[in-house]
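One-letter residues, chain by chain:
2 protein chains.
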Amino acid sequence: MGILVVGSVALDSIKSPFGSKDDVLGGAATYFSIAASYFTDVSIVAVVGDDFPEEHAGLLRQKGIDLSGLERRPGKTFRWKGEYGPDLNTRTTLDTQLNVFADFSPKLLPPHRTKDYLFLGNIGPDLQRSVFEQMKRPMLVGCDTMNYWIENQRESLLKTLLLIDLLVINDSEARELANEANLIRAARRILSWGPKTLVIKRGEYGACMFGSESIFIVPAFPVEEVLDPTGAGDSFAGGMMGYLAATGLHDDAAIRRAVVFGSVMASFNVMDFGPHSLSNLTYPEIVSRYREFRKICFFEDMLLKTPRL
Amino acid sequence: MGILVVGSVALDSIKSPFGSKDDVLGGAATYFSIAASYFTDVSIVAVVGDDFPEEHAGLLRQKGIDLSGLERRPGKTFRWKGEYGPDLNTRTTLDTQLNVFADFSPKLLPPHRTKDYLFLGNIGPDLQRSVFEQMKRPMLVGCDTMNYWIENQRESLLKTLLLIDLLVINDSEARELANEANLIRAARRILSWGPKTLVIKRGEYGACMFGSESIFIVPAFPVEEVLDPTGAGDSFAGGMMGYLAATGLHDDAAIRRAVVFGSVMASFNVMDFGPHSLSNLTYPEIVSRYREFRKICFFEDMLLKTPRL
Chain A
1 MGILVVGSVA
11 LDSIKSPFGS
21 KDDVLGGAAT
31 YFSIAASYFT
41 DVSIVAVVGD
51 DFPEEHAGLL
61 RQKGIDLSGL
71 ERRPGKTFRW
81 KGEYGPDLNT
91 RTTLDTQLNV
101 FADFSPKLLP
111 PHRTKDYLFL
121 GNIGPDLQRS
131 VFEQMKRPML
141 VGCDTMNYWI
151 ENQRESLLKT
161 LLLIDLLVIN
171 DSEARELANE
181 ANLIRAARRI
191 LSWGPKTLVI
201 KRGEYGACMF
211 GSESIFIVPA
221 FPVEEVLDPT
231 GAGDSFAGGM
241 MGYLAATGLH
251 DDAAIRRAVV
261 FGSVMASFNV
271 MDFGPHSLSN
281 LTYPEIVSRY
291 REFRKICFFE
301 DMLLKTPRL
Chain B
1 MGILVVGSVA
11 LDSIKSPFGS
21 KDDVLGGAAT
31 YFSIAASYFT
41 DVSIVAVVGD
51 DFPEEHAGLL
61 RQKGIDLSGL
71 ERRPGKTFRW
81 KGEYGPDLNT
91 RTTLDTQLNV
101 FADFSPKLLP
111 PHRTKDYLFL
121 GNIGPDLQRS
131 VFEQMKRPML
141 VGCDTMNYWI
151 ENQRESLLKT
161 LLLIDLLVIN
171 DSEARELANE
181 ANLIRAARRI
191 LSWGPKTLVI
201 KRGEYGACMF
211 GSESIFIVPA
221 FPVEEVLDPT
231 GAGDSFAGGM
241 MGYLAATGLH
251 DDAAIRRAVV
261 FGSVMASFNV
271 MDFGPHSLSN
281 LTYPEIVSRY
291 REFRKICFFE
301 DMLLKTPRL
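From first to last, the protein sequence lines are chains A and B. Residues 1 to 309 (this note's numbering) are what the first sequence spells out, left to right. Residues 1 to 309 (this note's numbering) are what the second sequence spells out, left to right.
Everything labelled a hint here was simulated from the structure, so no lab data went into it. Take the hints with a grain of salt, since some may be wrong.
Which copy? The list can't say, so a pair holds if one copy fits it or any two copies do.
Below are the DSBU-like pairs computed for lysine-lysine, each with C-alpha atoms no more than 35 Å apart in a straight line [stated by the list, open to error]:
| hint | residue 1 | residue 2 |
| --- | --- | --- |
| 1 | K196 | K295 |
| 2 | K295 | K76 |
| 3 | K76 | K196 |
| 4 | K295 | K107 |
| 5 | K76 | K159 |
| 6 | K196 | K21 |
| 7 | K136 | K21 |
Every value quoted in this text rests on a predicted model; they were computed, and no experiment measured them.
Full structure from sequences and hints, please.
As structure tokens, then:
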């Protein structure tokens, strides 16, 4: 089993109404793999510059994450700087420096080519396919993308969609990709383009899962102290793929549980800056939040017939 | 049993990306009572002008709704004109004419004073209390309000909150009332002001219920063809109160089921202009959507332990 994730490892500078932190360990592959590391073995394929702090690599190693595919190149690490509005729902990117990430062109190591689970993080769709083509025959391929690729590399993205099993994107991306405002119709259209399962992330409103014959909708786990939403979507994808890889199950019921584990990991992640809270979890905390989640979503069948119904 | 609802009966002119209709039967008390009429007896206390079409009154009567408290006064009926944006999430009020509703000051008829369930629709909080004080001793009192009263009659509104059991408002109202961006903290603050239960409506994202020791969150039932969201929140409140009144149950599990019935009624209401789809339902349709709702929200306990968890 085990997951190979390809994507960004970055240094983030984050400002939220609750404080600000500079050069925090960031990047989609970072959040994804820390979340997934609680469930299964994870190998990162990414690139950093020679300024990447050893302490950050140490944190990832401490979570058992395989960094043999983390290339170090001369130059600076991908840097992102962003600021959140008062309700944390709006985010402004203040600065993006791709640096060594601009020429990222992953060559997989032999042990990585035989991984059973592959997650293609938010990189160019051409690059996503080049990674896919280096793999032997993965059991399940997940994929993320973003508005930039939808707008600028649509044809290439559609080719990538033909190869994958699971697309994990947010609601505005789904609407833009399908060119359809209604989320159900957007989902149906996207499913017709290849993915067997589409998971749409809706931030503080939770997530929807669409399969060929199934719809599953779950709210976000309610968190009272949200300090920094950075990486929530990647933590979600990591928890989800982690659970699937750990169990080897891909049926509808398992995917639903995986979506809930994804939501659980995202809910932990937002409780502190960067991946701080995500990387300091215990197994009982994860299990207990999953169970609390069930209580929050639970309602009975209409056991009591009303006089008229 | 049976519910007394006090609120507006109006003539609405609605423009949505899917068409426009003029002088449709509208108003909070209208949507509320049609939704509730599938569950229990409903009596409306409201006022209309002498221009109110007999056909609209006929529709309400046909749903078994008691109109003995619907006052007809010389003058024009409350009129509202609004337009929805492309994704139906933004609404612009183009015109509001209170007309006879401006001097609405309900005097309850003797049979109405002994109703067990009371819903105080979105009218001024002074007026809400004057209605409450005319009641004998209702078993459960629900209440709605809006930003206008929160901003302009806050002290009076807080007095009303002391009297009620169930407050049903939307998320922006909850945040403004509590002066708190985080919904969980906002809910806790509002509950400390009197209501035993707070239900927060989140439009296409569903609803949350907060009790003293319980949180329940449910998504909206996914509807593919949303034509007109007008009255969705009132249909929600009507379905919810209707179920509670019909069963006489007020425990946590019953309130959860009631929230789901509220969501079911709201989801039917948005499928056509005005109360058209809401008023043409069959009981099997309501029951079957409730059950479909359960399937959409269902996930198992973590039956399968992952290697690490």
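To see whether the hints hold, each was checked on the structure:
In this assembly of identical chains, K196 and K295 lie within 35 Å of each other by CA distance both inside one copy and across copies; the values are 29 Å within and 19 Å between. Within a single copy, K295 and K76 get their C-alpha atoms no closer than 46 Å, and across copies no closer than 49 Å, so neither meets the 35 Å cut-off. When the C-alpha separation of K76 and K196 is checked against a cutoff of 35 Å, the pair qualifies neither within a copy, at 38 Å, nor between copies, at 56 Å. Within a single copy, K295 and K107 get their C-alpha atoms no closer than 45 Å, and across copies no closer than 43 Å, so neither meets the 35 Å cut-off.
For the identical chains of this complex, K76 and K159 are intra-copy neighbours only, at 32 Å inside a copy versus 61 Å across copies, given an alpha-carbon limit of 35 Å. In this homomeric assembly, K196 and K21 never come within 35 Å of each other (Cα to Cα): the closest approach is 39 Å inside a single copy and 40 Å across copies. Taking the shortest Cα distances, K136 and K21 never come within 35 Å of each other, neither inside one copy (41 Å) nor across copies (59 Å).
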